[in-house]
Amino acid sequence: MSETTEKKATYNPKEVEDKYYALCEERGYFEIEGNKNIQEEGKDGKIKTFSIMMPPPNVTGSLHIGHALTFTLQDIITRYKRMDGFKTLWQPGTDHAGIATQNIVEKQLIAEGTTKEALGREKFLERAWLQKKTSGGNIVHQMRKLGVTPAWKRERFTMDEGLKEAVKEAFVSLFNEGQITQNTYMVNWCTHDGALSDIEVEHEEVNGKFYTMIYKFADGSGELEVATTRPETYFGDTAIMVHPDDTRYADIVGKEVLLPLTDRTIKVITDTHVDMEFGTGVVKVTPAHDQNDYAVGKRHDLEFIKVFDEKGILNDYCGEFAGLERLEARPVIVKALENAGYIVKIEEHVHQVGHCYRCKNIVEPFISTQWFLSEKIAENSIKETKKHNNFHPAHWINSYTAWMDELRPWCISRQLWWGHRIPVFTCDDCGHTWADKADEPDGCPKCASKKLTQDPDVLDTWFSSALWAMSPLGWGNNGKLPELYNDSDMEDFYPNSLLITGFDIMFFWVARMMMMGEHFNKGQLPFKDFYMHALVRDETGAKMSKSKGNVIDPLDMVEEHSADIIRFTLAYLAVQGRDIKLGAKNLDQFRNFTNKLYNATNYLQLNHSTFKDLNEIEVKTPLGLYMQSRLGLAVEKIRTAIESYKFDESAKTLYNFVWNEFCDWGIEYSKADRESIVELGAIFKETLKMVSPFMPFISDHLYHKLSGTTLEEGESLMVMNFPKAIQRDEEAEKLFAIIEESITALRRAKVVIDMGNSKIDKAYIKLDAPIDTEMAKPFIQKLAKVIEIEFVDEKVADSITDVSDNLEVYLPTGEIDMTPIITKLTRQKEKLEKEIQKLNGMLNNERFVANAPEAVIAENKQALEDAENKMAKVSTELDGFVS
RNA sequence: GACCGCAUAACUCAGUUGGUAGAGUGUUUCUAUGACAUGGAAAAAGUCAGCAGUUCGAGUCUGCUUGUGGUCACCA
3 MSETTEKKAT YNPKEVEDKY YALCEERGYF EIEGNKNIQE EGKDGKIKTF SIMMPPPNVT
63 GSLHIGHALT FTLQDIITRY KRMDGFKTLW QPGTDHAGIA TQNIVEKQLI AEGTTKEALG
123 REKFLERAWL QKKTSGGNIV HQMRKLGVTP AWKRERFTMD EGLKEAVKEA FVSLFNEGQI
183 TQNTYMVNWC THDGALSDIE VEHEEVNGKF YTMIYKFADG SGELEVATTR PETYFGDTAI
243 MVHPDDTRYA DIVGKEVLLP LTDRTIKVIT DTHVDMEFGT GVVKVTPAHD QNDYAVGKRH
303 DLEFIKVFDE KGILNDYCGE FAGLERLEAR PVIVKALENA GYIVKIEEHV HQVGHCYRCK
363 NIVEPFISTQ WFLSEKIAEN SIKETKKHNN FHPAHWINSY TAWMDELRPW CISRQLWWGH
423 RIPVFTCDDC GHTWADKADE PDGCPKCASK KLTQDPDVLD TWFSSALWAM SPLGWGNNGK
483 LPELYNDSDM EDFYPNSLLI TGFDIMFFWV ARMMMMGEHF NKGQLPFKDF YMHALVRDET
543 GAKMSKSKGN VIDPLDMVEE HSADIIRFTL AYLAVQGRDI KLGAKNLDQF RNFTNKLYNA
603 TNYLQLNHST FKDLNEIEVK TPLGLYMQSR LGLAVEKIRT AIESYKFDES AKTLYNFVWN
663 EFCDWGIEYS KADRESIVEL GAIFKETLKM VSPFMPFISD HLYHKLSGTT LEEGESLMVM
723 NFPKAIQRDE EAEKLFAIIE ESITALRRAK VVIDMGNSKI DKAYIKLDAP IDTEMAKPFI
783 QKLAKVIEIE FVDEKVADSI TDVSDNLEVY LPTGEIDMTP IITKLTRQKE KLEKEIQKLN
843 GMLNNERFVA NAPEAVIAEN KQALEDAENK MAKVSTELDG FVS
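First residue of the first sequence? That's 3 in my numbering, and the numbers climb one at a time after it.
Keep in mind that a hint or two might mislead.
Under the rule of at most 30 Å between Cα atoms (straight-line distance), these lysine-lysine pairs were calculated in the DSS-like manner [as the list claims (entries may be wrong)]:
# : residue 1 : residue 2
1 : Lys673    : Lys726
2 : Lys118    : Lys452
3 : Lys587    : Lys639
Think of the hints as simulated: they come from the structure by calculation, not from any bench.
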């Protein structure tokens with residue numbers, strides 16, 4: 003560190019962030035009534051409300067960059083609405099994450115040399131709860147580091163006492179409506195995690211092999227070549243099929259073939275499912291282990307032979323191979339077939355194979371008995387969704403509805419222990435099956451027997467998540483945990499105002515909340531708006547992954563920079579519909595921005611120790627009026643941007659206002675008018691209120707610094723009003739536009755004579771239209787570094803000129819080289835010629851004049867006039883040199 | 001294969017009812033002056049992927065092409 007940087011005071015976020023956060027949380031600012039004193043009524047006379055549900059992260063998980071993005075955006079909008087007088091609920095919670103959590107606990111047990119089976123269900127669940135308790139607080143504490151402000155006092159867990167009730171409420175009701183049924187069906191089966199829904203299977207391209215094997219006719223009349231990628235399943239073949247129109251095989255239809263290495267025979271059948279062009283045109287049919295063959299089996303009433311069990315262990319149908327695991331068995335079986343001469347060839351074959359999204363195991367199509375939720379439940383929600391497209395970005399509705407239109411029954415049962423136990427009971431005596439909200443029903447409703455058996459499975463984790471738009475509002479909670487919600491919550495906060503989430507869980511989560519929300523709330527969809535945020539990638543645009551080692555840990559970033567900087571960076575980069583490339587450079591830009599804010603505060607305080615709020619003073623100075631007007635424009639733009647979820651635009655506008663307007667011009671001007679500084683201080687404090695949702699810590703810190711107060715003894719910006727509309731001052735804006743143009747022109751002219759940064763004695767300005775020159779003079783002199791400005795009506799002799807839109811400036815010259823000036827003027831002339839040509843072309847086009855709106859024509863006429871005037875001046879200037 | 005994106009200055013990207021292209025970084029030149037060198041000033045830099053169409057007018061709308069990414073569905 004150099005000497006100079008050591009001397010300079012800079013903002014130290016570490017001294018501020020944790021302390022301020024704890025203070026604000028303690029004071030209950032994050033809760034529904036945290037902003038009670040500024041809550042406002044809406045048009046209907048009721049308090050305005052805003053609600054947003056946090057997508058509950060896995061209780062055992064830890065914070066990653068995607069979380070940082072989604073939570074930051076949610077926090078910005080929540081803070082904005084809170085400051086804007088809304089009664090605001092940002093509902094936090096964590097998800098029990100069935101498979102993920104169960105796998106963690108199972109791994110622990112294995113490490114301890116035991117298994118869940120040895121432990122038993124009850125003890126296992128105790129362990130899982132212990133795991134939840136010990137690691138569950140982790141992620142919510144990490145979230146606090148980001149400075150996010152959900153209503154922590156209402157934090158829920160998807161398996162807490164109240165939400166358990168909600169799940170049972172939903173299940174029992176759907177069961178009784180006949181929407182939930184138990185069926186034996188071919189499902190996606192992970193030999194580790196059990197049944198999976200369709201979207202829990204990830205299809206990935208793998209380099210496999212294509213085995214062509216021989217099936218001999220039972221009558222000894224020859225053989226058939228059949229190709230397969232999964233030779234180990236042939237023990238489950240119950241037919242061979244060919245296309246009915248395939249003349250090559252017409253004579254063998256109905257014949258019997260012998261399965262290799264067994265004594266079982268199967269028939270050759272025909273089915274149009276066969277693609278004659280592919281492979282040999284002969285297909286083995288394994289109805290119990292292939293989706294398509296399952297359908298063929300149903301059509302042809304074939305036998306369904308399972309060749310392995312739930313764990314993938316081959317059974318007696320596989321003869322000598324029984325006891326082997328399905329994947330391990332493949333090479334063994336192929337070897338045996340090869341030895342016996344049944345393999346014709348083995349080719350390389352690239353194909354798609356389904357993998358479990360949790361454990362990456364190869365998923366098998368497998369027949370089993372599961373609970374399904376009918377796709378019909380979604381019908382109304384689909385219709386409603388199509389009526390209004392409230393997706394941001396809008397194109398997501400296409401993917402959404404395309405998927406919804408193809409919806410199939412949702413397999414909701416999981417062969418796990420950790421989760422919501424399926425509330426279905428069967429009477430051991432009379433066999434009656436029913437769904438019950440009671441954990442231990444009194445008895446069978448048919449025969450009153452006390453001997454009951456509950457379904458051993460649990461529900462898909464997404465079943466409880468599907469209720470998330472309403473269950474934390476008390477829906478179906480059956481009076482449990484009443485301290486976590488209010489009776490008016492459903493009325494106040496359903497439908498939720500907004501859902502912010504990643505598109506990767508659109509089908510897992512959004513779709514399910516839509517169907518459940520609509521179903522249980524008289525057709526009312528659960529969200530008014532949807533915001534699908536982007537994916538955060540590394541600097542080069544690559545997806546972050548542990549294996550690539552390019553993961554950016556948001557907590558490291560907070561440690562290295564600050565929560566404020568991370569938040570502002572993410573917001574600034576959050577363009578709708580484009581992924582975010584996050585690199586160190588981005589963070590630097592906004593670190594500099596915090597420094598700018600800090601130094602602007604320093605400057606103000608060099609002149610006055612404290613400042614009042616804008617509404618406590620009357621702005622009178624021309625500069626104050628100008629800056630206030632510019633603030634008004636910024637307020638308007640920032641509000642519009644946030645309300646249309648354009649986080650990037652709102653952040654950018656804020657950044658530009660602070661830096662390019664307030665600091666570069668406002669502060670610089672104020673050096674020529676000390677009177678205005680009290681006003682600028684108030685305007686800056688107002689600006690900090692707009693910074694607050696994005697960078698809550700530094701804004702609060704600087705606000706109190708400028709006010710001469712402390713957060714400890716005062717209120718936070720987060721519960722003060724976000725700036726409201728401010729009347730623009732056209733007069734002041736016009737005036738300062740001319741002042742700014744004069745300064746820029748003078749600076750440009752000074753560069754030409756190599757006086758770029760030096761103070762000069764004298765300069766002249768000729769204005770096209772009059773302004774209050776006495777008022778303008780000090781500003782121009784100060785910022786252009788000219789000791790004396792004189793306003794003139796004619797060109798000044800022996801001077802160089804800069805021609806701009808509304809004025810000309812002249813710098814007196816001695817004996818200097820005029821070449822660079824001539825070059826500059828010539829270039830300017832060429833540009834103007836082009837522009838005039840273009841505008842003339844346009845205005846001479848009869849059709850343009852006939853069709854274009856008047857305003858556009860007038861605008862272009864004016865532009866032409868201006869360009870021609872400027873052209874005349876530039877030409878005159880040039881002629882002066884030539885003569 | 002179907003659907004949905006993206007292609008704008010050297011780089012990363014804005015550009016919301018069609019009306020003479022913007023920012024940050026980088027580059028060039030000047031600059032240690034009492035907010036800030038994590039700063040200030042000035043400047044250079046774009047046939048908006050290509051082709052065609054609609055229009056008085058297209059980065060913006062339509063179609064096609066090329067490149068690139070994603071989602072879904074797939075042949076045993």
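Hint check results:
no.: 1; hint: Lys673 <-> Lys726; verdict: holds, 28 Å
no.: 2; hint: Lys118 <-> Lys452; verdict: holds, 29 Å
no.: 3; hint: Lys587 <-> Lys639; verdict: holds, 26 Å
Checked against the numbered hints above, the structure breaks none of them.
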